[in-house]
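Using the sequences and the hints given, assemble the complete structure.
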Amino acid sequence: MDIAPVRRWRSYGTIAFAALLGLAVLALLARSVENSSQFSRWQPWVLLVNIVGVIVLFVLLTRKIWQLVRDYRNHVPGSRLTARTVSIFGALVIVPLLLVYLFSLEFLNRGIDSWFRVEVKQGLGDALVLSRSALDLRMREQGRRTEEFAAVLAEMPDSDLAYALDVERRTSGALEMLVVGRNGEVLAASIEARESLVGTELPQELLMQVRDNRPYTSLEPLDIGGYLITTAAPIQEGAPDGRRRFLLARYDLPRQLAELTDAVQHAYSQYGELATLREPLKYSFRLTLTLVLLLAMLSAIYLAIQSAQRLTRPVQDLIQGTRAVGKGDFATKLPLPSRDEMGFLVQSFNDMTKRLRRASDEATRSRQLVELERERLAVILAGLSTGVLVIDTSLRLRIGNAAADTILGAPISSLEGQDLTQVADTSPRLAEFSSQLLERLSAGETTWQEEIPLPPDRVLRVACAPLADAAGERGYVIVFDDITSLLHAQRAAAWGEVARRLAHEIRNPLTPIQLAAERLRRRLQGKLGAEDSSILERATHTIVQQVEALKSMVNAFSEYARAPELKLTFLDLNATVREVVELYRAQEAVAMITVTTDSSLPQIYADSGRLRQVLNNLLANALEAVDGMPDGAVDVSTLRSSGPKGDIAVIMVTDNGHGFQKEMLARVFDPYVTSKPRGTGLGLAIVKKIAEEHGGTIAADNRPEGGAYVRVELPVAVPREMAQSQRELA
Amino acid sequence: MMSGVTQRTLGAAALSAMLALLVALCPGSAAAAAMNDRLAVQAAYVNVRGGVFELNARATYPLNDDIRTALTDGVTVNVELQTVVSRQRRFWFDNTLVDVTLRRELSWHAVSERYILREVGTGMQQVFTTLDQALIAGGEVDAWPVVVEPQLDPDSTYTISVRAGVRRGRMSDALRALIFWSDSWNRSSEWYTWTLPR
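Residue numbers (my numbering), protein chains in the order written: chain R, 1 to 730; chain C, 1 to 198.
Incorrect hints may have been included.
[What the hints assert, rightly or not] Subject to a maximum C-alpha distance of 20 Å in a straight line, what follows is the list of computed SDA-like cross-link-like pairs (lysine to any residue):
#1 R/Lys333 to R/Arg310
#2 R/Lys551 to R/Thr540
#3 R/Lys121 to C/Glu54
#4 R/Lys645 to R/Gln613
#5 R/Lys354 to R/Val315
#6 R/Lys551 to R/Ala517
#7 R/Lys121 to C/Leu71
#8 R/Lys121 to R/Ala267
#9 R/Lys567 to R/Gln613
#10 R/Lys551 to R/Gln514
#11 R/Lys121 to C/Val111
#12 R/Lys121 to C/Thr69
#13 R/Lys64 to R/Ile224
#14 R/Lys121 to C/Asp73
#15 R/Lys64 to R/Leu303
[Claimed, not checked] Negatives, chain C to chain R, calculated, CB over 12 Å:
#16 Trp108
#17 Phe128
#18 Trp185
[Claimed, not checked] Simulated coverage check for chain C against chain R, where a stretch passes if three residues somewhere in it have a Cβ under 8 Å from a Cβ of chain R:
#19 50-58
#20 73-81
#21 109-116
Just so you know, these hints were derived from the structure itself, not from any lab. Computed from a predicted structure; not experimentally measured. Note that CB positions come from ideal geometry on N, CA and C, so glycine has one too.
Structure, rendered in structure tokens:
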């Protein structure tokens with residue numbers, strides 16, 4: 001499931017919840033303002049909602065900032081950009097908010113303080129004193145009038161009281177005038193046609209003062225508006241009964257004065273209320289401003305982080321996409337964030353990765369083709385019997401095929417990348433070969449063809465050509481063949497021709513010479529003296545013997561030069577070996593001859609006579625090698641083995657004689673190469689020829705423990721060319 | 001069973017606790033607390049006369065020096081007596097039948113140098129030369145009808161709760177809104193609760 005939409009909806013849900021909460025607070029405020037009686041009920045909730053809002057914002061913001069710090073420390077892609085954006089946004093929001101906050105606080109303090117300037121308070125106090133003075137003057141005047149009238153009443157009989165009160169009330173403009181007795185009973189009264197205060201409870205201080213014979217004056221505000229001046233004065237009487245009465249008069253304050261008094265009272269009261277609210281007002285404003293600042297600041301920072309993350313999210317995607325592309329993942333496709341510039345950038349990135357993917361696919365296909373071609377070339381090179389080397393212009397080995405390994409006797413493939421001068425230790429042949437190559441390439445010879453002899457007896461035909469392309473020369477291709485066998489064959493053919501000519505040229509005169517010598521002996525035998533006869537006999541005998549020797553040699557030459565006419569049959573090699581060995585055992589006793597045969601050896605397709613000739617020559621050579629040695633031993637063994645062309649039968653003849661001379665070892669199979677004084681030097685040459693006629697090979701070497709060995713390998717299966725020749729002969 | 005008044009008390013206490021930090025910062029809160037310690041309903045009872053339940057109560061509204069000074073500076077103080085009649089219900093919250101407040105406005109008339117105690121509901125006022133006289137008069141409630149017989153279910157049990165309160169009076173709504181969280185004058189006494197006699 002994609003997480004991004006869930007996050008988006010969760011974010012929308014949070015914003016919607018916050019908006020609803022804000023609306024609820026506004027509704028509470030509206031209801032509170034409409035009905036002040038509900039205000040005290042709602043105000044804690046309004047405050048609570050605000051505080052909860054601040055706490056929630058603080059928690060959310062702390063979580064966001066913690067995530068941001070964690071991502072920043074972990075070097076999460078895009079975190080630094082987010083942090084920088086948040087810092088900029090935060091600074092852009094916080095600094096103006098703080099400025100506005102500080103200026104608002106200062107303005108608020110100064111504004112509220114200006115409401116309560118000393119001059120205003122002083123003015124109000126003066127107005128109050130002035131009002132009191134004016135009212136006091138009025139009250140004293142009314143009191144004095146009451147006292148004077150009370151003195152008049154003291155001399156007046158009770159029957160005249162009502163009339164006197166009425167006259168005085170009308171004259172003075174009083175609301176009512178009463179003569180009150182000791183116990184508060186009304187003795188006489190004159191009342192204006194308005195609501196009377198008669199019957200209302202008199203103030204205690206009034207009663208106490210008049211009982212102490214002191215006048216009383218007071219000013220009372222009325223709940224119906226206006227003011228009432230109440231005056232009372234004791235009526236000093238000289239009656240012996242001690243009657244005590246007092247005059248109570250109530251006056252209405254003139255309207256104008258009452259209004260002025262109300263105005264002063266109202267102003268004083270308003271100012272006093274405001275003055276007591278001075279600090280609470282400041283505190284409330286400060287708290288309100290602080291709460292608003294916190295809400296605004298936390299909201300702004302939270303939104304800044306949200307916006308920064310939203311802004312940097314495509315950048316994060318781009319960074320991750322770029323890293324993925326850098327690691328070779330060209331299938332990366334980023335989601336389109338919007339249709340703005342960032343969306344264009346992401347679209348461009350997607351297009352780029354698409355093109356890169358195509359190019360990568362093309363490159364992969366091309367590389368695969370190149371690899372395929374390379375593999376084909378490697379197969380071709382591996383299949384070639386001709387050695388191939390590729391050397392760059394720095395004379396470093398680049399390519400070498402399997403034939404090169406075989407011919408040069410070194411693992412060329414493992415030496416790829418090495419300098420030609422550093423491969424001398426690998427094998428003597430490669431050392432000589434690389435030396436010859438370096439000599440020519442250093443001389444600037446880039447195209448040449450030569451035969452190069454390699455130790456001990458190898459000869460290579462080498463061709464060199466520059467390897468060039470449009471960019472210029474990139475190296476050299478060295479192609480070479482081991483022509484040692486070819487040269488040997490050519491040499492053998494030449495020697496065969498020599499032998500054939502020698503046999504032909506020498507054999508013809510031998511018979512006449514022998515015949516002439518025998519005739520000469522028969523004609524002159526008995527005609528000469530004894531001494532001459534003896535000389536003749538020795539001379540003719542010597543001639544006949546030497547002619548016989550020459551015939552033997554000519555026969556050997558003839559045998560060597562004779563064209564192969566094999567009579568191939570399937571034969572048991574082990575049986576043939578044993579037969580020939582038994583023959584020598586019966587004739588000679590110069591050495592101990594042992595036979596070891598491999599019972600798993602199948603029948604081979606060979607000429608029995610020629611094979612016996614091979615065994616005869618090898619055994620004769622071996623026995624001659626151990627001749628005269630007291631512990632001379634010759635071992636003949638057969639073995640089944642496997643060669644590159646299939647199973648082979650091996651004939652191994654070993655002796656413990658003096659071995660081959662080192663200087664002759666390389667040419668031991670060449671005609672006329674022998675260390676024996678009476679040998680023709682054709683024995684091993686003939687053996688080799690017979691072996692090659694059967695499709696086999698021959699090798700000879702000295703044994704480390706002394707003596708020598710000759711190893712003949714013959715194919716077990718019928719060689720194709722041999723079968724072909726047999727079919728042609730048939 | 002928890003009474004509705006008790007629930008309101010607990011709710012107010014919870015809110016008060018949550019606002020403790022804010023209130024602690026409010027100027028004059030110490031003086032207000034001192035005043036609140038003595039604000040109480042001293043006695044209260046109900047007389048049933050002619051099917052009318054009349055409340056008689058005596059409450060004390062001791063004001064500290066700050067409020068006294070503020071009063072003489074022109075500030076108006078409301079002394080209130082809130083009465084709640086609730087019907088008890090089993091397994092559920094109590095049902096509030098009556099919730100009325102007797103509000104009296106105490107002010108200082110600077111020109112005449114008299115304390116005026118005015119009934120907010122009727123507009124009737126009394127004038128006193130001393131503040132203590134005015135406060136005593138403000139705490140005296142006699143024969144205040146709070147509920148009539150037809151409002152009551154004969155098979156139910158009712159409780160009546162009374163508490164005294166002091167509020168800052170005569171203030172515009174705008175001004176009250178401005179200082180609503182720093183007005184330390186608004187205080188109430190504990191509830192004085194008893195079962196309504198039948």
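A quick look at each hint next to the structure:
As the CA atoms of R/Lys333 and R/Arg310 are separated by approximately 19 Å, the hinted pair is consistent with the 20 Å bound. Proximity of R/Lys551 to R/Thr540 is assessed by CA-CA distance (about 16 Å); at most 20 Å being required, the pair is judged to hold. Proximity of R/Lys121 to C/Glu54 is assessed by CA-CA distance (about 46 Å); at most 20 Å being required, the pair is judged violated. Pair hint R/Lys645 plus R/Gln613 does not hold up; C-alpha atoms about 25 Å apart against a cutoff of 20 Å.
Under the criterion of a C-alpha separation no larger than 20 Å, the hint pairing R/Lys354 with R/Val315 is consistent with the structure, at around 19 Å. A distance of roughly 15 Å separates the Cα atoms of R/Lys551 and R/Ala517; the hinted pair therefore holds under the 20 Å criterion. The straight-line distance between the Cα atoms of R/Lys121 and C/Leu71 is roughly 16 Å, inside the 20 Å bound, and the hint therefore holds. Under the criterion of a C-alpha separation no larger than 20 Å, the hint pairing R/Lys121 with R/Ala267 is consistent with the structure, at around 10 Å.
Between R/Lys567 and R/Gln613, the direct Cα distance comes to roughly 13 Å. Compliance with the 20 Å bound is thereby established for this hinted pair. A hinted pair counts as satisfied when its Cα atoms are at most 20 Å apart, and R/Lys551 with R/Gln514 qualifies at roughly 10 Å. Distance restraint check for R/Lys121 and C/Val111: the Cα-Cα separation of roughly 15 Å lies within the 20 Å cut-off, and the hinted pair is therefore satisfied. Restraint check for R/Lys121 and C/Thr69: satisfied, since their Cα atoms lie roughly 15 Å apart, inside the 20 Å limit.
For the proposed pair R/Lys64 and R/Ile224, the alpha carbon gap of about 65 Å is over 20 Å, so the pair is violated. Only pairs whose Cα atoms come within 20 Å are accepted, and R/Lys121 paired with C/Asp73 is accepted, the gap being roughly 11 Å. For the hint pairing R/Lys64 with R/Leu303, the CA-to-CA distance comes to about 11 Å; that is within 20 Å, so the pair holds. Against the 12 Å criterion, C/Trp108 falls within the reach of chain R, whose nearest CB is about 8 Å from its own CB.
Separation of C/Phe128 from chain R is inadequate, the least Cβ-Cβ distance of about 9 Å not exceeding the 12 Å criterion. The claim that C/Trp185 is not at the interface with chain R is violated, since a C-beta of that chain comes within 12 Å of its own (minimum 9 Å). As drawn, the segment 50-58 of chain C meets chain R at 0 residues by the rule of a beta-carbon pair under 8 Å; below three, the given contact is violated. Taking a C-beta to C-beta cut-off of 8 Å, the segment 73-81 of chain C contributes 4 residues in contact with chain R, enough for the three needed, and the coverage statement holds.
Chain R is given as covering the segment 109-116 of chain C, and this holds because 7 residues of the stretch bring a CB closer than 8 Å to a CB of that chain, at least three being needed.
Violated hints, listed in ascending order, are 3, 4, 13, 16, 17, 18, 19; each of the other numbered hints is respected by the structure.
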